[in-house]
Amino acid sequence: MNQFIVHSSLDIVEEVQWGTGQMYLKHIDRFHNNYISCFLTAGNIKFLLLTSPNPDNPRSSAASMSSVRSSAYPSSSAYNPTAPAAEEAIKNFFMEVYDSWVKTIMNPFYSLNQPVKSPVFRARVAAAAKKYL
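Count the sequence shown with UniProt numbering and you get residues 1 to 133, in order.
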């Protein structure tokens, strides 16, 4: 279901991307309690992030903002991905992923327009997710 939610938000990205000069489009779509954030590169590559709060597990990787959230919000409040602290963390995550992506595609052994299969890139994305999300 998550892939369908993210894929369906691509139409919204296509509409919104030309109206702003920003690379980080914040939250572009919402489906029930799932939020989709988008980051665009200058080459029109789209990074999409689906966040969904998990009330059963306060430390879930995609929904938890414990280090940021604990200082700004009481622990009993629900996760709010539109809060300034959460948006800043998501933006920082996207910037770190973008930096890793640029370094990966600058590799002379990378073939353009091919999926990135580098384990180093995957590890850097996972580290950024652990750090910010």
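It is worth saying that the hints were derived from the structure and are not from the lab.
Just so you know, these numbers come straight off a predicted model, no measurement behind them.
It is possible that part of the hints are untrue.
What the hints assert, rightly or not - Straight-line alpha carbon distances no greater than 27 Å define the calculated DSSO-like cross-link-like pairs of lysine-lysine that follow:
no.: 1; residue 1: K117; residue 2: K91
no.: 2; residue 1: K117; residue 2: K46
no.: 3; residue 1: K46; residue 2: K130
Hint-by-hint comparison with the structure:
A hinted pair counts as satisfied when its Cα atoms are at most 27 Å apart, and K117 with K91 qualifies at roughly 24 Å. About 17 Å separates the Cα atoms of K117 and K46, which keeps this hinted pair within 27 Å; it holds. Of the supplied pair hints, the one linking K46 and K130 holds, its CA atoms being roughly 21 Å apart against a limit of 27 Å.
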